[in-house]
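Since the structure of chain R is provided, determine the placement of chain D with the ligand on it from the hints.
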Amino acid sequence: MPEVVVPIGPHHPALKEPVNFRVIADGEKIVRLELDLSYNHRGIEKAAEQRNFIRVLPLLERVCGICSHSHATAFAKGVEEIMGLEIPPRARYIRTIIAELERMHSHLLWLGVAAHEIGFNTLFMWSWRDREAVQDTLEEMSGNRVHYGMNEIGGVRRDLTPAQIKTALARLPDLEDRIQKYVGMVNSEETMLIRFRGVGKMSREEALKYGAVGPTARASGVDYDVRRDDPYLAYDEIPWKVITDNHGDVYGRTRVRVGELWESTQIVRFCLENIPAGPVRVEAPKNAPEGEILSRYEAPRGELAHYIRTNGTDKVERIDIRSPTLANWTSVAMCLTGQNLADIPVIVAAIDPCLSCTCRMVVVHRRGGRAVPGTAAGESGHDPKSRQDGWRP
Amino acid sequence: MAVPGNGISRRLVSWARIKSPWITVYNSGGCNACDIEIIACLMPRFDVERFGILVRGSPRHADILIVTGTPTLKQASRLRRVWEQIPEPKYVIALGACGSSGGVFRGLYQVVDRVESVIPVDVYVAGCPPRPDEIINAVVRCIDLLREDTAHGGKEWRQKKPLPAPVPGEKSPAEVP
Ligand code: SF4
Numbered sequence: 001m002p003e004v005v006v007p008i009g010p011h012h013p014a015l016k017e018p019v020n021f022r023v024i025a026d027g028e029k030i031v032r033l034e035l036d037l038s039y040n041h042r043g044i045e046k047a048a049e050q051r052n053f054i055r056v057l058p059l060l061e062r063v064c065g066i067c068s069h070s071h072a073t074a075f076a077k078g079v080e081e082i083m084g085l086e087i088p089p090r091a092r093y094i095r096t097i098i099a100e101l102e103r104m105h106s107h108l109l110w111l112g113v114a115a116h117e118i119g120f121n122t123l124f125m126w127s128w129r130d131r132e133a134v135q136d137t138l139e140e141m142s143g144n145r146v147h148y149g150m151n152e153i154g155g156v157r158r159d160l161t162p163a164q165i166k167t168a169l170a171r172l173p174d175l176e177d178r179i180q181k182y183v184g185m186v187n188s189e190e191t192m193l194i195r196f197r198g199v200g201k202m203s204r205e206e207a208l209k210y211g212a213v214g215p216t217a218r219a220s221g222v223d224y225d226v227r228r229d230d231p232y233l234a235y236d237e238i239p240w241k242v243i244t245d246n247h248g249d250v251y252g253r254t255r256v257r258v259g260e261l262w263e264s265t266q267i268v269r270f271c272l273e274n275i276p277a278g279p280v281r282v283e284a285p286k287n288a289p290e291g292e293i294l295s296r297y298e299a300p301r302g303e304l305a306h307y308i309r310t311n312g313t314d315k316v317e318r319i320d321i322r323s324p325t326l327a328n329w330t331s332v333a334m335c336l337t338g339q340n341l342a343d344i345p346v347i348v349a350a351i352d353p354c355l356s357c358t359c360r361m362v363v364v365h366r367r368g369g370r371a372v373p374g375t376a377a378g379e380s381g382h383d384p385k386s387r388q389d390g391w392r393p
Numbered sequence: 001m002a003v004p005g006n007g008i009s010r011r012l013v014s015w016a017r018i019k020s021p022w023i024t025v026y027n028s029g030g031c032n033a034c035d036i037e038i039i040a041c042l043m044p045r046f047d048v049e050r051f052g053i054l055v056r057g058s059p060r061h062a063d064i065l066i067v068t069g070t071p072t073l074k075q076a077s078r079l080r081r082v083w084e085q086i087p088e089p090k091y092v093i094a095l096g097a098c099g100s101s102g103g104v105f106r107g108l109y110q111v112v113d114r115v116e117s118v119i120p121v122d123v124y125v126a127g128c129p130p131r132p133d134e135i136i137n138a139v140v141r142c143i144d145l146l147r148e149d150t151a152h153g154g155k156e157w158r159q160k161k162p163l164p165a166p167v168p169g170e171k172s173p174a175e176v177p
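Heads up: the protein sequence lines correspond to chains R and D, in order.
Residue 187 in the working numbering sits at position 187 of the first sequence, and the numbers go up by one each step.
Residue 79 in the working numbering sits at position 79 of the second sequence, and the numbers go up by one each step.
Honestly, the hints are just simulated from the structure, not real lab data.
Positions of the beta carbon are idealized from the N, C-alpha and C atoms, including for glycine.
Derived CB-CB ranges, DEER-like:
{"id": "1", "chain 1": "R", "residue 1": "E140", "chain 2": "D", "residue 2": "I8", "range": "46 to 56 Å"}
{"id": "2", "chain 1": "D", "residue 1": "G57", "chain 2": "R", "residue 2": "A170", "range": "33 to 43 Å"}
{"id": "3", "chain 1": "D", "residue 1": "P87", "chain 2": "R", "residue 2": "V31", "range": "33 to 43 Å"}
{"id": "4", "chain 1": "R", "residue 1": "E205", "chain 2": "D", "residue 2": "D144", "range": "57 to 67 Å"}
{"id": "5", "chain 1": "R", "residue 1": "E176", "chain 2": "D", "residue 2": "R10", "range": "51 to 61 Å"}
{"id": "6", "chain 1": "R", "residue 1": "R129", "chain 2": "D", "residue 2": "R147", "range": "24 to 34 Å"}
{"id": "7", "chain 1": "D", "residue 1": "D144", "chain 2": "R", "residue 2": "A170", "range": "38 to 48 Å"}
{"id": "8", "chain 1": "R", "residue 1": "N274", "chain 2": "D", "residue 2": "R147", "range": "51 to 61 Å"}
Bound-form chain R, shown alone (with noise of 0.2 Å):
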């Protein structure tokens, strides 16, 4: 049978954020992908480059509306081992709480939308509805549902009162009644074992090779976490352990995520109890001396990469972001090699992706001078000039 193309996105009612599959399909098998990923480029690391450190930190939290925190904590970590500064130890139990209800919140999201695109409705409103708990002690803590603004280079800008401590330990118990559920879930109910065991199986060895991170390599039995390899904030305080699955398909990267939920509620509630008292900031200076960092981080999806360099002023000279989706993509192209077109949406999911952090690339026409984000073809190999779209900013 001849090979055909199947275009998906960038927007289509199945995606929630624009992208552009080129599916090319041999009957119901899929031969190969081609993705599209640059419609969201926005220019951050760019505008990083002329906003100072105060005026950077907001706009790093908005690379992604899910890790936002883990942005603006790479960055902040980054440029505090630049200066030479160490945070107080208030300071870093608190973000380490921000961070992994942020894992949870992210967690609990995915594990939604896994359900979701497996027709699985239920446990999609069960997990939101649990998440909400997560969000009403973020909002507690920091003020804004999302956006948490809490760092600040040299600590952090708010405080946790005892009030507020006592209220997010006394959810959590319901929460981990909850996921306790939901780990006894994923073992057992049917329906998702059918749907996503021996789906996108993928080997340790190809994980390493196609630079998987996260949960994703986890589940392949790559056992590696920055928080235990590398450790930062307060992780090597802190008892708990890393997660890691040999199943190596969907079904694998579910017990990974549901299994780091778990560590995640053990971590917040240690640090709730074991907060140590004092300040939560220490004064910083204006400028960062010459100097260049690479500043690693776990976030929920995977290994987080800032490269930043400095020149001596209150800017960063160059930023690099590496996120971890992107990472991540190249082993979906691979998983999806041989599977089903039906199962399309159940492999990308897997990899919890998230692309306003992703797109970055921009190639600029020779011909027309216009600076077009995507392939080096310009928009899907057709030239942008021949839109007849009429309209054009």
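Chain D with the ligand only, in chain R's frame:
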């Protein structure tokens, strides 16, 4: 409004439209947080379905378009095309600071700064991101607009008249000493 004829069939259609507005969401270049908050609206806690509000994927089924994020250059023409596919009467909500004015992304090299410069907007929602209750309020405001527009027989009554051309020789108030 757009339904031909008068009397019962038109009244029936506009009644149905007001009772159950269908919305479609278009992420034109934001950071995802606004989209997540919209999905949170569908969930048991906020549950917009009790107002008859349904989220649909296809713009051809929608009455209200919610645009999140500041349109990027690559998305702007697509946003325009999605908007053109929505049948009249259509309403647009620009969600969040960056939909309304560009927010933190204002002035970046790859963005158009605001939804308004691509398609007409009826309701703006502030906040970065707005809370789900504010999003629901925006949709409810849209339904109010729809009701008023139905009474006036179209959207035209809301459009501001352009300022009259200055009479030559007459001084404007700013110039009078
Ligand atoms: S308004 Fe704020 S939260 Fe919403 S998409 Fe824009 S940056 Fe993200």
